[in-house]
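When you get a sec, could you build the whole thing from the sequences and use the hints?
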Amino acid sequence: MTQTLRHLVSIDDLSVEEIRALFAAADRFAADPRGHADLCPGMISASLFYEPSTRTRLSFESAMLRLGGGVITAAEMKQSSASKGESLADTVRVVGGAYSDVIVLRHPSEGAARLAAQYSPVPVINAGDGAHEHPTQTLCDLYNLHVERGRIEGLDVVLAGDLKYSRTVHSFAYALARFGANIVCVPQAGFEMPEYVLCRLREEFGVEPIRADARRLGNLASDSDAVYLTPQKPHQLSLFTDARGWEVEHVDALYMTRPQTERHGGAELSEASYLRLEKRSMAVESLRDAVVMHPLPRRDEIDSEIDSDPRSIYFKQAARGVPIRMAILGLLLGRSDLGVEPPAPRPEGVAVRVGDNPCPNPACISRTETRHVTPAFTLAGRVPLRAHCAYCSRELTFEWVGCSSTGHYHAPGAGDLRRVRPDHLVFFTDRGAAEACGFKPAARSRDGISAGSGPA
Amino acid sequence: MTQTLRHLVSIDDLSVEEIRALFAAADRFAADPRGHADLCPGMISASLFYEPSTRTRLSFESAMLRLGGGVITAAEMKQSSASKGESLADTVRVVGGAYSDVIVLRHPSEGAARLAAQYSPVPVINAGDGAHEHPTQTLCDLYNLHVERGRIEGLDVVLAGDLKYSRTVHSFAYALARFGANIVCVPQAGFEMPEYVLCRLREEFGVEPIRADARRLGNLASDSDAVYLTPQKPHQLSLFTDARGWEVEHVDALYMTRPQTERHGGAELSEASYLRLEKRSMAVESLRDAVVMHPLPRRDEIDSEIDSDPRSIYFKQAARGVPIRMAILGLLLGRSDLGVEPPAPRPEGVAVRVGDNPCPNPACISRTETRHVTPAFTLAGRVPLRAHCAYCSRELTFEWVGCSSTGHYHAPGAGDLRRVRPDHLVFFTDRGAAEACGFKPAARSRDGISAGSGPA
Amino acid sequence: MTQTLRHLVSIDDLSVEEIRALFAAADRFAADPRGHADLCPGMISASLFYEPSTRTRLSFESAMLRLGGGVITAAEMKQSSASKGESLADTVRVVGGAYSDVIVLRHPSEGAARLAAQYSPVPVINAGDGAHEHPTQTLCDLYNLHVERGRIEGLDVVLAGDLKYSRTVHSFAYALARFGANIVCVPQAGFEMPEYVLCRLREEFGVEPIRADARRLGNLASDSDAVYLTPQKPHQLSLFTDARGWEVEHVDALYMTRPQTERHGGAELSEASYLRLEKRSMAVESLRDAVVMHPLPRRDEIDSEIDSDPRSIYFKQAARGVPIRMAILGLLLGRSDLGVEPPAPRPEGVAVRVGDNPCPNPACISRTETRHVTPAFTLAGRVPLRAHCAYCSRELTFEWVGCSSTGHYHAPGAGDLRRVRPDHLVFFTDRGAAEACGFKPAARSRDGISAGSGPA
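Protein chains in written order, with this note's numbering: chain A, 1 to 456; chain B, 1 to 456; chain C, 1 to 456.
Think of the hints as simulated: they come from the structure by calculation, not from any bench.
Among the hints, erroneous ones may be present.
[Stated by the list, open to error] Derived lysine-lysine pairs resembling DSS-like cross-links, with alpha carbons at most 27 angstroms apart:
1. K316/B x K78/C
2. K316/B x K279/B
3. K316/C x K78/A
4. K78/C x K78/B
5. K279/A x K316/A
6. K78/A x K78/C
7. K316/A x K78/B
8. K78/B x K78/A
9. K316/C x K279/C
Next comes the structure, spelled out in structure tokens:
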């Protein structure tokens, strides 16, 4: 592993400037798809797919071939070595050893790509890790706005449908906020954008949700409580909003999502009642210029009668996945110098060496991979203490926090925790767990319990 | 889609002159298989296989690699995107978008390739659509005759075995007739060539079946009622036939087929009783020069003891699938100009916009694909009215025909139907269906019922 | 098939000199993995995998791509043509026809690669045939010793773990003996090296097992009865051994194997009790210089805490599979002239044309492949008569031996058998089988029964 080895685990692994430079590179690839076979000759990409995803896999493989490289493919990893009990960490060390120059990984466990990147001797590209991240999909979506609108900042983008379970839409929302676009949430009733997404939008990007008046969106929004998410300060908006909220007047892009029925865990939603984009939905004035996007595959949420509408760009959107993936491959393989700065390195996760794995996510790779994973976290706040799993990004839930140096445990709000070294922190779900690990309660005067910041 | 975009859905998409030119191209490829890698560099073929067919897939992929192109493969399509409910129409629009320059499609539904060709932005090659067509197999079979015999016209070709269920043998029979070859049918008892195949041979190619005396074929034909199919007029043959029928004297090629047990739907045929080509079968004088062909895989219908017989060309036959597929790929990718005229464009199917899907075939793509398929038909005759499904080519079965303009329905034999515009035709299985759609019976004097041409 | 067509079915298909030359070629490939794409342009390798083995397949495919060739892949052969009943012999004749220039075959039946080589028009590489052989794995293991130690002769190599069921370890043991290395067997208790392996080591390579004193191996060997296998004559060793056996003082390489639980057929061995290589195991003086090898995948038999130990080379070992496979492909495709002599041709198997298949191995291809396999054997000894299956190498078990020329049957120890032509030999499990085939007992005075060499 050299210092300059780069992975694409999360879209945050790329700076905004890099993303813009990738768009410029993708423009060149798209203009002449067969004219760049001299970029990666002799290089090999390995597709390691632990769950099938033909579309994503073929898009990457096409991109690598267009760059003049070769491809080796394991489209059904579950049924092979994995069944002999091999860990993901071992697999990427072997496949990244001499077999390939880059690994494209799809895995059902959240955080799998982060783990793979820790061990792989070659760049790892996250092609989807469970419901966590799928950065090249997000890049592709942004790239489409760039191509269709020439910019992303200041655009008004409607996100419609199942906003609760769609990984794609959450990642896209973060990315839109990062690029300064405004978001209109038009959820299927009962499938609103989750609080933790709104929270992150607020904390990271200063995005404030305000009530939206979506009557001008016509029948598309008739059933929804629309929300406008904007990085502009509410006081700046006061001129344009009244009691009914921000009025949606002109939409730049409408992003539809399918119902994520496989994650609903039951008949929560009948497909018949799902939002459906039809010819008449597209006839309203506010959508006159809106491009219609969809990450595909679609089912019935977009009627085929609007496939021929020039505003429907979802098939172009998928096609543009190839040049943007060519740009990513060229960057990670060291064959394109974008000429801009990479982002500051992501803070390393802190290994959890004492106590149980504090990640509450059963789909996290730190829980599903039984070998070679040391749970780890990143700090999100000091008082009260907040932390995220370093693999799946889920916020840790705990009632008590120990210090492995003093052997004391504290309520998360205790001021004393401010002084504990991160690698000394231990997370406990209850007092019993703390005591079982040999920890003692901190003195009342020091641990802040008297301040009422912890459970009684 | 450009005007010049060409597909290979059916062998009828190629003119006889083109096929001859493809043979010449294949000859050049076969002479120097590795000398043509400069033909399609930078181009990508996508194998979309909705059912496994390793032989066909590898043959196409080898052909593309030999042309210098790249290949992306979905060998098990059913288990991936399709399981998320994606339609074939959407899949080919995505994969043909920027992923690939040509799509090789295998699908269990009849007519699937026709549907794919309607939507794909790149050429579609039908690599088998259920029991319907497999044009490159037919081309390969013809090409083998061309190589082995130097011509096809006037050859006497024996088709032996399961002539009832073998798609391969039906397509080959049409192609032989088109090229002016004579066919000797030597069916397994009970597995005779179906009437609809004989009917099409007669209607399209003027081929008349006459009884054949196959005693000179020895034990191969001992159990069969052989039939001779020839484009020559029976009166021209009268000099050579007597009460026992046309005497089979000299065979140019013997085409064996395996029992299509997967389509027999039960223990209709024990394998032990199936025709079996053995050393002694090949000893008869009439087969002295006959090449032995088989589309493979074989089971026991050709004894391995004749594998080393120089007349056994079935392995060469399979090998020649590569150069002929190279020729097809070169043509459809626009890299070979054959210098001859393509056939007249196939008549477009007429969309069925009123009433139920008139196609009676449960395996037709118009029935199995639930999205984006509008049933369609092509007219085969006016009085009585006859029509075929535009996807699977199956003849429509109906008792009444409506006119969506007048709102009347007629018996198929009604002379009035002659004047109905094709896009106004509606097909009904019974009066009830017609009435349910709001159609009324035509007046007796005009609809020909009084002439007794419809059901009472 | 030309006279010069070569296959790699067994490592014995290569001479020691060739193997050394392959190492030299692999060194060149490893030094510049992307610098050899001009070696096999236009050539195609076909991966035919009748059971999944992602690691092996990707390694071969990477090697072929690095040589500038193309790859066609059937990763799940069982589910495709094979289900239509096609024989392996037919499949390789088709795929080796024009589809590919070399076939890489993985098959669950022992001897499958030998059968494939008989029929294939192009070179066949055995990528594992059941529990039988996997020659490129063995070559890779030897190559690692060559790279790490500069030689193989005279090295002391510890084989540890499940020595009973591991094909890899048996093949490696033969190869070490062939190259003059010494072997220290440190088996998991109950999983000792089988007698037939020791027997072959003695017969072919003059290797004598002597008791070993493995106390200096520390906790690794605490539970085992270690055995030292050396091609040196015991009397030469007498200076260094005493009642406790040869003392293991300095180990050059330690080869760990995983428990082959899939072959144990039950809960014979709990994983918890299996040998486990840990930090403290590696701290003993005797292992100071030992490289740690493992064919991978591993489970828990090597603790991940020693992954970062510079002596742990198992990931490098896997990576070196690519250059050594490049060397093999280059040789078999006729693109590398090693400049040394190939081994004397392997004796042809003698076809068994009378009586039952004498191979006792139910996993042998001669039993699992129902078409196109004639059982065959090679003679291993004349008095008593001993023979091996020509496919799976298993020793034939029989009670009586017939001569198809005289119609007599004899006890295996009968001197008369010395004069019987090999192709006249017929093997019987009992008298009944012999009599059922019409054979008669040989006269007492001539068949040696009176000498007590056969069953009563």
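Here is what the structure says about each hint:
no. : hint            : result
1   : K316/B x K78/C  : holds (24 angstroms)
2   : K316/B x K279/B : holds (19 angstroms)
3   : K316/C x K78/A  : holds (24 angstroms)
4   : K78/C x K78/B   : holds (17 angstroms)
5   : K279/A x K316/A : holds (19 angstroms)
6   : K78/A x K78/C   : holds (17 angstroms)
7   : K316/A x K78/B  : holds (24 angstroms)
8   : K78/B x K78/A   : holds (17 angstroms)
9   : K316/C x K279/C : holds (19 angstroms)
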